[in-house]
Amino acid sequence: MVRTLLIRGMLVGLLAGLLVFAFSKVFGEPQVDRAIAFETVRKAAAHTPIGTPAEPELVTRQVQASFGLLTGVTVYCTAFGGLFALVFAYANGRTGNLSPRALSALLGAAGFVAIYLAPSLKYPANPPAIGEPETIGYRTALYFAMILISIAAMVLAIIARQRLVSRFGHWSATLIAMAAYIACIVAAQLLLPAIDEVPDGFPAPVLWNFRVASLGMQFVMWATIGLLFGALTERATAARRPLLVKAHAPAYDSKATYRLE
Amino acid sequence: MSDTIFVPDFAPSPIPVRDLLPWAIFGAVLLLAIYFVGAEEGATALIPGMYVHEFVHDGRHLIGFPCH
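As given, the protein sequences belong to chains A and B, one line each in that order.
Counting in the numbering used here, the final residue of the first sequence is number 261, and the numbers go up one at a time with none missing.
Counting in the numbering used here, the final residue of the second sequence is number 1068, and the numbers go up one at a time with none missing.
Please keep in mind that the hints were generated in silico from the structure rather than gathered at the bench.
Mixed in with the good hints, there may be bad ones.
[Said to hold, decoys possible] What follows is a set of in silico ranges between Cβ atoms, one per label pair, in the way DEER data are often shown:
hint: 1; chain 1: A; residue 1: 254; chain 2: B; residue 2: 1006; range: 16 to 24 angstroms
hint: 2; chain 1: B; residue 1: 1005; chain 2: A; residue 2: 67; range: 56 to 64 angstroms
hint: 3; chain 1: A; residue 1: 96; chain 2: B; residue 2: 1003; range: 38 to 46 angstroms
hint: 4; chain 1: B; residue 1: 1006; chain 2: A; residue 2: 96; range: 36 to 44 angstroms
[Claimed, not checked] Chain B is faced by these chain A residues, among others (derived, beta-carbon under 7 angstroms):
hint: 5; residue: 86
hint: 6; residue: 127
hint: 7; residue: 256
[Claimed, not checked] Here are a few chain A residues that sit away from chain B, every Cβ distance over 10 angstroms (derived from the structure):
hint: 8; residue: 6
hint: 9; residue: 59
hint: 10; residue: 183
hint: 11; residue: 203
Backbone N, C-alpha and C define an ideal beta-carbon position, used for all residues, glycine too.
Could you put the whole structure together from the sequences, leaning on the hints where they help?
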């Protein structure tokens, strides 16, 4: 059972990776090229002594922008597809009366918000030419810390929602949990230090378009995994479960007042 | 009048945690794969050199990880 889900998740992730690759080729690569052009001009203007050897190029730009990009995004998406399947395997049957399709879509949305959207509001994606090499350790630690805080806050919010349902109903419990998650993120983002290493004169449209491309890639990945994994799992389980089960309900009383819950 | 109604039932029986735990090792392998795309030869390095970093360079930037 877990094995089937895991293989399904990784295959869906692989497909998502191919879609993300196509998206990033169209919307992301032009911004990377523009950022590298800016960096090249800036370095040339920084009075490099004549005769200084150029940095050895381990991997050519062509390979970086094709096989390198393809490998990077497909490995990333396939790995997230597998992790998604493992989380789904735990959550399915433990999160109330949700169909596999609905649970998968909600998990995809939660993953997108917790793992990418909220952390990137504090530490957004940066194209080449932005970021001092000396601070890479510091920036990486802060970025991962923000992701861990965000995931922890999301998990706690989901647990809180389930406990609050019986008292406040589904609608209000969901809103309270969302507000609690947002409060955690706001507090973390106020407390964590800011990073601003954008060099003077870096073109704002390139930075904006790069970050929108990054957001789009993540959206494509999470939407593909959340919706396709759910659809496939729904289809695989539909044949095995009864659509309707017997439940006990008091007979209708014409004198009583009824309220929609 | 009958007290019996029919309601849709989606909730499957949960997979026991003891059946899930062995797969957590696989999850760790997947996390390692994400680490190689996102952070290897940046903040930390398991393999000497810069080849992995340079190869996945564009993807690392676009996925949102800090890079050089």
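Hint check:
| no. | hint | in the structure |
| --- | --- | --- |
| 1 | A:254 - B:1006: 16 to 24 angstroms | holds, 22 angstroms |
| 2 | B:1005 - A:67: 56 to 64 angstroms | holds, 58 angstroms |
| 3 | A:96 - B:1003: 38 to 46 angstroms | violated, 24 angstroms |
| 4 | B:1006 - A:96: 36 to 44 angstroms | violated, 19 angstroms |
| 5 | 86 | holds, 5 angstroms |
| 6 | 127 | holds, 6 angstroms |
| 7 | 256 | violated, 13 angstroms |
| 8 | 6 | violated, 7 angstroms |
| 9 | 59 | violated, 4 angstroms |
| 10 | 183 | holds, 24 angstroms |
| 11 | 203 | holds, 16 angstroms |
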